[in-house]
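*Asks:* Chain order of the listed sequences is S and V.
All residue numbers for the first sequence refer to this note's numbering, where the first residue is 1 and numbers rise by one.
All residue numbers for the second sequence refer to this note's numbering, where the first residue is 1 and numbers rise by one.
Mixed in with the good hints, there may be bad ones.
Taking lysine-lysine pairs in the DSS-like style, the calculated list, with each CA pair at most 27 Å apart, reads [what the hints assert, rightly or not]: (1) V:91 - S:57; (2) S:8 - S:270; (3) S:58 - V:88; (4) V:85 - V:9; (5) V:85 - S:58; (6) S:39 - S:207; (7) V:91 - S:58; (8) V:9 - S:78; (9) V:29 - V:62; (10) S:183 - S:39.
Derived contacts from chain S toward chain V, CB cut-off under 8 Å, selection only [as the list claims (entries may be wrong)]: (11) 29; (12) 32; (13) 61; (14) 228; (15) 235; (16) 242; (17) 252; (18) 253.
Hints were generated in silico from the structure; no laboratory data involved.
Just so it is clear, CB atoms sit at the ideal spot from N, CA and C, and this is done for glycine as well.
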Amino acid sequence: MVNKTVLKIGDVSFSIVNSEHINDWEIDPPYFPFVTAEKPDIRVNLVRGKPDDAATKKFFGSYPIWDLYRSERSSIIKFYEDMPGLSRALVFKANLKEADLYFPAATDQFISPFYGPVLELLMINYLAQSRGTIIHSCGIKLGDKGILFVGESGAGKSTLAKLWHQAEGVDILSDDRTIVRKKNGEYWIYGTPWHGEAKFGAPYTAKLDRIYFIQHGAANSACQMRSAEPVQNLLTCSFPPYWDPGGMEFTMEFFSDMTATLPCYELFVKPDMGVIEYINAHGEESRVRANIVREDLMAQGIGVAAPAVV
Amino acid sequence: MTEAEQTYKRNANFVFRQIDNETILVPIKDNVGDMNCIYNLNEVGAFIWQNIKCKNSLAGLKDMILSEFEVTESQAEADLNEFIKDLKKIKAILPAGSCPDCRCV
């Protein structure tokens with residue numbers, strides 16, 4: 001009997017398809033909210049055995065978790081090669097419409113398709129084809145506005161997520177990994193199941209309003225960033241395909257356009273509810289200043305199609 | 001060939017993006033251990049990077065710097081040599097050699 005589960009993450013639908021040899025796994029709880037009945041963009045077949053990895057060349061290593069190999073026609077990501085019981089391999093072609101997830105032939109092999117970064121890596125490769133990116137960030141929806149709080153491990157993303165959870169009118173998309181995509185000329189953020197220690201991950205989406213790069217501080221303060229600095233920060237706080245020149249060029253262009261369009265701030269965070277009031281006030285203040293600039297320009301006869309960044 | 005006549009080409013394994021007067025340079029990597037290497041070139045560095053092509057010798061690059069920026073000849077030469085040394089160290093540039101199939105633009 002063949003059956004399947006379909007998940008939708010970042011506006012991308014994956015179907016995970018059983019075979020007669022693999023049909024005794026369960027959906028991991030963080031993925032429950034992402035289950036959907038939509039038609040899949042990518043089909044992931046669960047397969048017993050070993051992929052044909054002849055004529056493959058190693059392209060990237062992230063030992064001991066995963067290594068990427070490529071042949072002329074396909075990519076193979078091998079996971080946990082030195083850890084019996086956990087090893088698996090994901091094989092996909094360039095068009096990424098379908099992937100095979102191989103598990104060893106032994107029937108007592110641990111086989112959850114959700115274990116490790118399998119689906120996340122599939123998403124990284126899919127988004128890198130001019131679709132978007134995953135950013136190491138806490139993403140929230142405040143009213144109808146999306147806000148990203150970007151930072152490396154330990155910067156305070158999960159702490160911020162817990163604080164925002166106590167505020168009214170806020171949905172937490174993620175406390176660790178948020179997808180960003182461009183839709184009709186606007187940037188949108190999406191929650192993912194790949195949560196941090198606060199375990200927030202929900203399939204909400206919001207139009208991105210502004211970006212904060214966070215670090216610990218004795219008091220809350222924000223300072224606008226310009227030029228190349230926000231792009232550089234995004235590159236170090238995201239998961240771009242470092243092994244793929246085309247994917248990297250897309251990612252850099254994506255970040256460059258995004259930071260030219262949206263205000264970016266360096267934010268020092270004092271981790272208590274005061275930061276919530278600060279961000280609420282900061283957002284309102286920025287909008288007022290943007291409106292003043294726009295009105296000034298219009299008074300001078302200079303048309304402004306969108307709010308100017310101040 | 002003297003040092004001044006030396007030409008270089010950009011390593012195709014580096015992707016770059018110009019943002020205002022700066023250029024971000026990122027090497028295509030093969031290992032997660034290299035993931036923190038992102039280089040930011042200032043205005044002069046970005047100008048030199050854009051003009052590193054097999055037809056431009058170091059002497060030619062120095063002349064371009066002198067035309068574009070208000071610097072003395074000795075300063076231009078010293079800054080150019082230092083910058084080229086840094087780029088060679090991270091393998092962002094390679095000797096152009098004879099470059100018979102040159103597609104530099």
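*Asks:* Indicate, hint by hint, whether the structure satisfies it.
*Replies:* Hints, verified against the model:
Distance restraint check for residue 91 of chain V and residue 57 of chain S: the Cα-Cα separation of roughly 22 Å lies within the 27 Å cut-off, and the hinted pair is therefore satisfied. At roughly 35 Å between alpha-carbon atoms, residue 8 of chain S and residue 270 of chain S are farther apart than 27 Å, so this suggested pair is violated. Among the hinted pairs, residue 58 of chain S with residue 88 of chain V is consistent with the structure: their alpha-carbon atoms are about 25 Å apart, no more than 27 Å. Under the criterion of a C-alpha separation no larger than 27 Å, the hint pairing residue 85 of chain V with residue 9 of chain V is consistent with the structure, at around 14 Å.
About 30 Å separates the Cα atoms of residue 85 of chain V and residue 58 of chain S, which puts this hinted pair outside 27 Å; it is violated. Under the criterion of a C-alpha separation no larger than 27 Å, the hint pairing residue 39 of chain S with residue 207 of chain S is consistent with the structure, at around 24 Å. Simply put, residue 91 of chain V and residue 58 of chain S have alpha-carbon atoms about 21 Å apart, close enough for the 27 Å limit, and the pair holds. For the hint pairing residue 9 of chain V with residue 78 of chain S, the CA-to-CA distance comes to about 35 Å; that exceeds 27 Å, so the pair is violated.
Restraint check for residue 29 of chain V and residue 62 of chain V: not satisfied, since their Cα atoms lie roughly 31 Å apart, outside the 27 Å limit. With a C-alpha separation of about 20 Å, the suggested pairing of residue 183 of chain S with residue 39 of chain S holds against the 27 Å cut-off. Below 8 Å, beta-carbon pairs count as interface contacts, and residue 29 of chain S has none with chain V, the closest being about 28 Å; its hint is therefore violated. The criterion of a C-beta within 8 Å of any C-beta in chain V is not met by residue 32 of chain S, whose closest approach is roughly 30 Å, and the hint is violated.
A distance limit of 8 Å between C-beta atoms decides the matter here; for residue 61 of chain S the minimum to chain V is near 5 Å, and the interface restraint holds. Evaluation of the residue 228 of chain S hint against chain V yields a held restraint, the C-beta minimum of about 4 Å falling below 8 Å. At about 5 Å, the closest approach between the beta carbon of residue 235 of chain S and any beta carbon in chain V falls short of 8 Å, and the interface hint on this residue holds. The interface hint given for residue 242 of chain S holds, since its Cβ lies 4 Å from the closest Cβ of chain V, which is under the 8 Å cut-off.
With a cut of 8 Å, the hint placing residue 252 of chain S at the interface with chain V holds, because the nearest CB-to-CB distance is about 4 Å. Below 8 Å, beta-carbon pairs count as interface contacts, and residue 253 of chain S has one with chain V at about 7 Å; its hint therefore holds.
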